[in-house]
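Based on these hints, arrange chain B on the given structure of chain A.
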Amino acid sequence: MKAFERLSNISMLTSPSPGTEVNSARILVVDDAEEIRTFYSSLLELAGYEVLCASTGEECLRLALEHLPHLVLLDVVLPDISGIDVCRQLKENEQTAGILIIHISGMLVSAGNQAEGLEAGADGYLLKPVEPQVLLAHVQALLRTQRTEEALRSLKGEFKAAFENTVDAMFIVDDRAICINVNPAACALAGLIKDQIVGRNFLDLIGPGLYWEDLELGWQQFLQNLHQNGEFRFFRPDGSNLEVEYNAKARFLPDRHLWVMRDLGPHKKIEQEIEEARDQMEENVLQRTAELMAANIFLKREIADRKKAEEALLAATAEWEQTFNAIPDQICVMDLDGVIHRANKAMRARFEPSHGNLVGLDHKRCYWGEEPPNNSPFAKVLSSGAPTVIETTFPELEGSYLVASYPLFDSRGQQWGAVSAVRDITERKRARQALREIEERFQLLIEGIPDYAIFMLDRDGIIVSWNEGARRIYGYENHEIIGKHFSFFSPPEERDAGRPGSALQAAIFNERHEEEGWRLAKNGRKFWANMILSALRDDEGNLRGFSKVTRNITEQKQTQAALKQAEKKYRDIFEYAIEGIFQSTPNGQFISANPAMARIFGYASPEELIDDRQDIEREHYVDPERRTLFKKLIEEKESVYDFELEAYRKDGTKIWTAESVRAVRNDDGVLLYYEGIVEDITKRKQAEAERVELWRRFVRVQEDEQRRISRELHDEMGGSLAAILLGLKSLGETVQDEAASVCIKHLQEITTGMAEEMHNLVRELRPTALDDLGLQTAMSNYVDEWNRRTGITIDFHANGFLNERLSNQLESSIYRIVQESLNNIIKHAKAQNVSIILEKRDTRILLIIEDDGLGFDSDALLRIPARNRGVGLLGMKERIALVGGSFNIESTPGVGTTVLVHIPISSNHREAELNG
Amino acid sequence: MDKLRVFVADDHAVLRDGLKALVNAQPDMEIVGEADNGRTAHEQAKELIPDILLMDISMPGLNGVQATELIKADCPEIKILALTAYKDRSYLNQLLKIGASGYVLKLSAADELIDAIRAVAAGGIYLDPQMADRITEEYVRSQFLKGEVRQRELTAREEEVLRLIAQGYSNKEISNELKIAVKTVESHKANIMQKLELKNRTEIVRYAVRQGWLQDT
Chain A
1 MKAFERLSNI
11 SMLTSPSPGT
21 EVNSARILVV
31 DDAEEIRTFY
41 SSLLELAGYE
51 VLCASTGEEC
61 LRLALEHLPH
71 LVLLDVVLPD
81 ISGIDVCRQL
91 KENEQTAGIL
101 IIHISGMLVS
111 AGNQAEGLEA
121 GADGYLLKPV
131 EPQVLLAHVQ
141 ALLRTQRTEE
151 ALRSLKGEFK
161 AAFENTVDAM
171 FIVDDRAICI
181 NVNPAACALA
191 GLIKDQIVGR
201 NFLDLIGPGL
211 YWEDLELGWQ
221 QFLQNLHQNG
231 EFRFFRPDGS
241 NLEVEYNAKA
251 RFLPDRHLWV
261 MRDLGPHKKI
271 EQEIEEARDQ
281 MEENVLQRTA
291 ELMAANIFLK
301 REIADRKKAE
311 EALLAATAEW
321 EQTFNAIPDQ
331 ICVMDLDGVI
341 HRANKAMRAR
351 FEPSHGNLVG
361 LDHKRCYWGE
371 EPPNNSPFAK
381 VLSSGAPTVI
391 ETTFPELEGS
401 YLVASYPLFD
411 SRGQQWGAVS
421 AVRDITERKR
431 ARQALREIEE
441 RFQLLIEGIP
451 DYAIFMLDRD
461 GIIVSWNEGA
471 RRIYGYENHE
481 IIGKHFSFFS
491 PPEERDAGRP
501 GSALQAAIFN
511 ERHEEEGWRL
521 AKNGRKFWAN
531 MILSALRDDE
541 GNLRGFSKVT
551 RNITEQKQTQ
561 AALKQAEKKY
571 RDIFEYAIEG
581 IFQSTPNGQF
591 ISANPAMARI
601 FGYASPEELI
611 DDRQDIEREH
621 YVDPERRTLF
631 KKLIEEKESV
641 YDFELEAYRK
651 DGTKIWTAES
661 VRAVRNDDGV
671 LLYYEGIVED
681 ITKRKQAEAE
691 RVELWRRFVR
701 VQEDEQRRIS
711 RELHDEMGGS
721 LAAILLGLKS
731 LGETVQDEAA
741 SVCIKHLQEI
751 TTGMAEEMHN
761 LVRELRPTAL
771 DDLGLQTAMS
781 NYVDEWNRRT
791 GITIDFHANG
801 FLNERLSNQL
811 ESSIYRIVQE
821 SLNNIIKHAK
831 AQNVSIILEK
841 RDTRILLIIE
851 DDGLGFDSDA
861 LLRIPARNRG
871 VGLLGMKERI
881 ALVGGSFNIE
891 STPGVGTTVL
901 VHIPISSNHR
911 EAELNG
Chain B
1 MDKLRVFVAD
11 DHAVLRDGLK
21 ALVNAQPDME
31 IVGEADNGRT
41 AHEQAKELIP
51 DILLMDISMP
61 GLNGVQATEL
71 IKADCPEIKI
81 LALTAYKDRS
91 YLNQLLKIGA
101 SGYVLKLSAA
111 DELIDAIRAV
121 AAGGIYLDPQ
131 MADRITEEYV
141 RSQFLKGEVR
151 QRELTAREEE
161 VLRLIAQGYS
171 NKEISNELKI
181 AVKTVESHKA
191 NIMQKLELKN
201 RTEIVRYAVR
211 QGWLQDT
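Keeping their order, the protein sequence lines are chains A and B. Position one of the first sequence corresponds to residue 1 (this note's numbering), numbered consecutively onward. Position one of the second sequence corresponds to residue 1 (this note's numbering), numbered consecutively onward.
Bound-form chain A, shown alone (with noise of 0.2 Å):
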């Protein structure tokens, strides 16, 4: 009776009235007493609740698995197991655990009861006896908040996500600049974990890196301006840091400031971001419910609470659609079928001018327009539920994408949409393309550099990549090569000597290694190579490989062996010849020196000879004008052959003799040293000193016995045809008869033909006129007596020779020099007039002979060695030694030839004047 009255007034209660809505839950109720299962059902099901009813607790635990009520009303005290363990046995369950429960106790219970009921995990708690309309209250309060709770939930996920996923960092922050929340890309951004970032100052995290001359100052401007944005490097606690553009919202919410932030570098572990996002999100839930849970606890505060709390995650929704509007990237959120049911303010802004309201339009049509691929980027993220990052360009859209799709789910784990978000990555892609080309130049280059092998080899020195250089230097094809070790070219003991390890690590340890060694080219070539071996490292200093750089130096070794070898050749020659080679500076002193230098000087080493001589001038020249005239020399000619001089050796002896020296000079022409060879020509010299001598006295003999044979031609020989001559003249006067006279006469011819031929062989072998009359008279006569023979004009003048005689040798030596002359100019010379100066000059005779001639290259003349210039000249030049003379000949073709002769007069030289 009581029972019926009850559900009288209950349905009452539970008419539907305008306005309310439609009670479509499914509500369990559990009870051992039939009667009050009937009664509660009878009131939910007239308030519209499908309603199903359990009488023990296994049975309650059962419907509810087969059934997943959105309610369960439970009865604490059940005949098998106890509601508070019928609830605790739900809420552990995973597919009930989401069941709500109103515990109804008919005992008089305690707070602690009460307490004992919610731990276990219910959502509510009435006590017996029940009022119905406090019942439908509770249960529909519960439901409603489920209800809202769900759609936040499913609202918040889809913020959430957005948040989570998108590749910006975001740091919400209150006024005070303290983190509130940030997304993993800010966590990524910034080096930290979340909680290294909640509750820190936002300023001291970003605040080294903004260009803000007071922070605190520029705090409170951001806020007053609403609006930040720009650039700024992020300086993270790690040490290192990166460029960052930014976009920041003030007062989004009252008290919440949004901070945007895009690194430029690469986004990283964005999967793992995902996982971690998702997890905090449960937890979030979970945490949220749990607050719920104690707002229904006290009824009476209930609804403020739950007004509280829809304020609050109205706020919170708020805060993620700004959030969502502040990113940048494209965002949407879709359905299974690809149709928009949110979009961000970017996307809406690209494409609402152009294809209108976003929400209910097939996204496919904003990125393809008509003609939507099958295969779209977004389209593996609907049906696989897998999140995908997609770079892709879009028909519809300039430029390059990436794509980032996340499946977005509902609370029972269903798939129901995803949330993709695109970003406009065609600079970054501009730029990387740049960088591409620029490789790629630089790998032609490296392609076209047919000398230098270049290898590209891994950590452990697997060749991964090679040029056409080394193609050509080894002779190998690609596939023989790449993904071998780079040791595949060193010679098998280098292997086994371990070389090619420790280059390696030579490589790493010095960043560059050089070696050189012989390598075997395919075709069994070997040839000696450079190579260079240089680890690779990226931006943070790790080893990714190496480059190794071979060149093939053969030839250029050889040509250093070559040269080794001529060194060597050179040196045996300077350190064994038997001449002295020596370098010396034109202020005199030596360079260098060979031991046979040192040898021919008496000294022990080339260093002390070196050491000892400091002025060759006068240290070494025994006569010191010799240097004079050797530079002289050598300044006019560059070189100087044979040159004569006696020199000191170290204990003071003399030697003599001969160098041939060069003058070295740089590329400007500048004297750097003298360089020559060294003999010693003592013995020599001796021997010519004898030589000479003996020549000397032979030609004075010589002199001796024609003047000898010519006195006595001349004397006697003279005055005996003279004699004959005057008896014949007599006997002629006195014959009378014919025939005796003239025989007479005819004999008188003959001698006196005699007479002449003999006067002839007279003054060719010494005239007596030379010893009787002197020089110039004796020349004289001869040269009437050359022109009246040759018919060549002849002019001679003497000067200085009348009052003085000279030595009897001298005089016979200058008139056989004039003698060989004139014999010259009728054997080669064709003159038509020749001219004989002779002159005394206090010290000196002064003979010149000239003639207009034929002439010769006088300078080639004199380079003939003296043996091969014929008798004539020897003869002269011998002649003119013998007296101490010198001897110059200047010849022109064509113009005619002068010899000129200098002799000192020494006092031996001088004989008694004429008269006494």
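By construction, these hints were calculated from the structure, which means they are not laboratory data. Virtual Cβ for every residue (Gly too), placed ideally from N, Cα, C. Any given hint could turn out to be false.
Now the in silico label distances, taken between C-beta atoms and shown as ranges [claimed, not checked]:
id, chain 1, residue 1, chain 2, residue 2, range
1, B, Q167, A, E575, 51 to 59 Å
2, B, R39, A, N787, 34 to 42 Å
3, A, N823, B, A21, 37 to 45 Å
4, B, I49, A, T793, 29 to 37 Å
5, B, I49, A, E757, 38 to 46 Å
6, B, R39, A, E693, 21 to 29 Å
7, B, Q167, A, E712, 36 to 44 Å
8, A, E764, B, K199, 35 to 43 Å
9, B, D111, A, E757, 18 to 26 Å
10, A, E636, B, R39, 32 to 40 Å
11, B, D111, A, N787, 40 to 48 Å
12, B, A21, A, E712, 18 to 26 Å
13, A, A687, B, K199, 32 to 40 Å
14, A, E757, B, A21, 23 to 31 Å
Derived DMTMM-like pairs (lysine to aspartate or glutamate); straight-line CA-CA distance at most 20 Å [as the list claims (entries may be wrong)]:
id, chain 1, residue 1, chain 2, residue 2
15, A, K745, B, E112
16, A, K632, B, E47
17, A, K729, B, E112
18, B, K172, A, E638
19, B, K72, B, E47
This is chain B only, laid out in the frame that chain A set:
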């Protein structure tokens, strides 16, 4: 009518005999003494004071030239006729300078000597005809040269070159001295010779002597 008193000095005995025979065969001449060297000739001549002394130039000891000088110094009235084998004009000049009166080549003696003795005795000078030709030639040339005039002015550089040539420098030495090329020296020399009408180097030297650039001793 005194006969001409003739003294013979010659170291060649056979020739001396031949000369004596030739002279003595002349009715107006007689040999008054003889010597076989210059010293004896000098001593004898001082005692005998012959009219004519036939002096061989080449004799041992004191030779003919020296003896002639001594005799002319002591007895200038003795006329000395030189006998020589040399056809030598400078020798001749020298003899004439120291006071000899004539000069006969030995080989011409048979034909010339008597005429020569007579000519010298008469106070004249006798030259062997063969020698006379040469003397004349030389005289003519020297007269010609005296009349020579400087044809054209030399440049300063040419005169410099000329002086150096005359002093006996070689072209090479001149080129070094004046710091000009050897070819340039040769060209200067050719110009100088053309301007002054000098045929050869000897004439250049003589020209220089006449200009007083060289001291002629």
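Okay, the hints, checked on the actual structure:
The hinted range of 51 to 59 Å is satisfied by B/Q167 and A/E575, whose Cβ atoms lie roughly 53 Å apart. Our hint of 34 to 42 Å for B/R39 and A/N787 holds, since their Cβ atoms are close to 38 Å apart. Between A/N823 and B/A21 the beta carbon distance is about 43 Å. The supplied range of 37 to 45 Å therefore holds. For B/I49 and A/T793, the Cβ-Cβ distance of about 48 Å falls outside the hinted range of 29 to 37 Å, so the restraint is violated.
The given range of 38 to 46 Å is respected by B/I49 and A/E757, whose C-beta atoms sit roughly 40 Å from each other. Checked against the given bound of 21 to 29 Å, the beta carbons of B/R39 and A/E693, roughly 38 Å apart, lie outside it. A hinted range of 36 to 44 Å holds for the C-beta pair B/Q167 and A/E712, which are about 42 Å apart. Distance hint check: the CB atoms of A/E764 and B/K199 are about 28 Å apart, inconsistent with the given range 35 to 43 Å.
At roughly 19 Å, the beta carbons of B/D111 and A/E757 sit within the given window of 18 to 26 Å. Between A/E636 and B/R39 the C-beta distance comes to about 59 Å, which lies outside the given range of 32 to 40 Å. Look at B/D111 against A/N787: about 26 Å separates their beta carbons, and that is not inside 40 to 48 Å. In this structure, B/A21 and A/E712 meet the distance hint of 18 to 26 Å, their C-beta atoms being roughly 24 Å apart.
For the hinted restraint 32 to 40 Å between A/A687 and B/K199, the CB-CB distance of approximately 47 Å leaves it violated. At about 26 Å, the beta-carbon gap between A/E757 and B/A21 stays in the expected band of 23 to 31 Å. Of the supplied pair hints, the one linking A/K745 and B/E112 holds, its CA atoms being roughly 16 Å apart against a limit of 20 Å. For a cut-off of 20 Å, the pair hint linking A/K632 to B/E47 is broken: about 69 Å separates their Cα positions.
Straight-line distance between C-alpha atoms of A/K729 and B/E112 comes to about 11 Å, which keeps the hinted pair within the 20 Å bound. Our distance criterion of 20 Å between C-alpha atoms is met by B/K172 and A/E638, whose separation comes to about 18 Å. The suggested pairing of B/K72 with B/E47 holds, with an alpha-carbon distance near 14 Å, which does not exceed 20 Å.
In the structure shown, a violation is registered for the earlier hints numbered 4, 6, 8, 10, 11, 13, 16, in ascending order.
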